[in-house]
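**Q** If you want the building blocks of each chain, they are given just below.
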Amino acid sequence: MSNVPGPRAAAGLRLAQRGRARGRVPRPLRHLTFTLGLAITALLLLTAAVSLVYTPRDPLEMSMEARLEGPSESHPLGTDQFGRDLLSRIMVGSETSILVGVIAVGIGMGLGVFLGMLSGYFGGWLDETFMRLMDAVQGFPAILSALLITAVSKPSVVISMVAIGVAFLPVFARLTRASFLELRDREFVLAARALGTGDVALIGRHILPNTLAPLIVQATISFPVAILAEAALSYLGLGTQPPHPSWGLMLREAQAFLGLSPWFAIFPGTAIALTVLGFNLLGDGLRDLLDPKMMA
Amino acid sequence: MLATLLFVSVLVFLVVRVLPGDPALVMLGLEASPDTVARLRASMGLDRPLPVQYVEWIGDALRGNLGRSIQYDVPVAGLILSRLSVTLPLTLMAAALMTLAGVPLGVYAAIRHRGWGDYLTMILSQVGIAVPAFWAGLLLVLLFSVRLGWFASGGFDGWGQGAGGAVKSLLLPAVALGLFQFAVLARTTRSAVLEVLREEYVKTARAKGLSELVVLFRHALRNAMIPILTVAGVQLGQLMAGSIILESVFYLPGLGRLALGAITARDLPVVQGVVLFVASVIVMINAVVDMLYGLLDPRIRYE
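The listed protein sequences derive, respectively, from chains G and W.
The C-terminal position of the first sequence is numbered 385 in this note's numbering, with every residue numbered one higher than the one before it.
The C-terminal position of the second sequence is numbered 406 in this note's numbering, with every residue numbered one higher than the one before it.
So here's chain G without its partners, still in its complex pose (with noise of 0.2 Å):
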């Protein structure tokens, strides 16, 4: 069983993309999702950003008089059981967050575009055996290849960032694969080869460059999936490790106090959602705005 379908049925697999796509937003809140989606990223990042050079207080300051209190003057968020202040650990979260997306995009796609080049440009066996390899690749979801690695080394962010990588490969590969597939027969490249042009410059200077659309759209969709991912895994004891503040590890923490402090258990949850939400909005509507295709 091959995974190239016909001429025909690939067609229909792009129609059915496209209207899909079409479908996708109805018009009228199309400037207003990305507007939205913007506003909220835009949020995010400056939180971000500030935590670097200022918090409200020290993340990790314990204050065993402030212990689970609910949002006050001096805690606009309140306090964890350590009497830690929520919104700097808030603030100080989101770069874990970012940073745990940006690099595991970056393995994701890094790695998977290297092989869907070298699946679509080669083709042959090494297509074949690297795309049963990608379809074993998708039995691994974050989460199961946390808890392998884990098993037997010590956890940690870094794993978190090279499982959750490991789980984008497959959608990369197959995007950069189709891409070359489609484009490696095309004239402009077939006139390159004639001129004598080798594959190494073949594959950098002509064919990459024209696959990067469809790969940056995926980029910013793969981004908040990253972030929930890595919450479930440092919420799950996998990821991010105490003291260090991460939204997932905060909600782990929270669990125990549910009844006595709620708001410990809101806040956290509060912030991965929007900042999903904010990356998914401004995704869908970088999608619609730029494709003219969609408008229709």
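Each hint should be verified, as a subset may be incorrect.
Said to hold, decoys possible - Using 20 Å as the maximum straight-line C-alpha spacing, the simulated SDA-like pairs for lysine to any residue come out as follows: (1) G:Lys243 to W:Leu131; (2) G:Lys243 to W:Pro126; (3) G:Lys243 to W:Thr307; (4) G:Lys243 to W:Arg215; (5) G:Lys243 to W:Leu274; (6) G:Lys243 to W:Gly252; (7) G:Lys243 to W:Leu133; (8) G:Lys243 to W:Arg360; (9) G:Lys243 to W:Thr367; (10) W:Lys306 to W:Leu332; (11) G:Lys243 to W:Val121; (12) W:Lys271 to W:Gly252; (13) G:Lys243 to W:Ala255; (14) G:Lys243 to W:Ala266; (15) G:Lys243 to W:Leu128; (16) G:Lys243 to W:Val129.
As the list claims (entries may be wrong) - Computed beta-carbon distance windows for the label pairs: (17) G:Gly212 to W:Ser185: 39 to 49 Å; (18) W:Gly397 to G:Asp274: 20 to 30 Å; (19) G:Val191 to W:Leu203: 34 to 44 Å; (20) G:Gln330 to W:Gly181: 31 to 41 Å; (21) W:Tyr304 to G:Ser245: 48 to 58 Å; (22) G:Ala290 to W:Ser185: 52 to 62 Å; (23) G:Pro160 to W:Leu251: 17 to 27 Å; (24) W:Val230 to G:Pro160: 53 to 63 Å; (25) W:Glu134 to G:Pro303: 31 to 41 Å; (26) G:Gly293 to W:Glu302: 51 to 61 Å.
No lab work stands behind these hints, which were simulated from the structure alone.
Ideal Cβ placement from N, Cα and C applies to all residues, glycine included.
We have chain G; now place chain W onto it with these hints.
**A** Okay, now just chain W, sitting in the frame of chain G:
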């Protein structure tokens, strides 16, 4: 599919054996004497060449022997089977909720295209996609257990105490687990139905004077089902992986808690067994979905 499963097993094997970190040392702890480590290495066969180890391991696994748990001193395969009685119903309940809520809502949004019902559905689905499942679980506990006291905040008494109680303790986790996939499915359904409603044959059916309901159910939905079923199939595997997380929120003794507990107890065969099992199930589901896709849509043929 066989080649893919072979790769799955190689990946599981390699991560545990090739990554820095000696499995024997992991299990015994850093303070173990070199003699003890050497003896365990020999008894686990770790001193032999990797290919030999792999062939033996996979041969055993194919015969249903995933090794013995260090922590419980019972066969790993038996442990996995017994914990499946929690993970499988949880996954299936979440899948049922996701389908029963997501598909009708998606169809409704498509019929009300660009109306308020459509906007509300889209907003709801954006929220569903953004909320992490485990946080949704915590919020459900906060509302229904801590505040209202309608449900226990976690735990599972087993199926022996009657199916009602078991289903009740799986309900909140299933809702939290299904939320994200419900949102994805509602969006997919909406797009698929919208796409089909624009087709010529739907116009023809309407022009013939068929009622809107007949057009919808007999003509549109049937064809929209192909992408919907494909997405739902893939989601089933994701739900199974997601249940690992939800089991932690609700203290359910399923596969996920088994694996997490095994990590703390350095019970390597159990972690390896659970990951191999879940990854294989996901790969098999994906392969079946691929095949179904070809069967359902005659335009798509695999050469």
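**Q** Checking each numbered hint in turn, tell me which of them this model violates, lowest number first.
**A** The structure breaks hints 3, 4, 5, 6, 10, 13, 14, 24, 25, 26; every other hint is satisfied.
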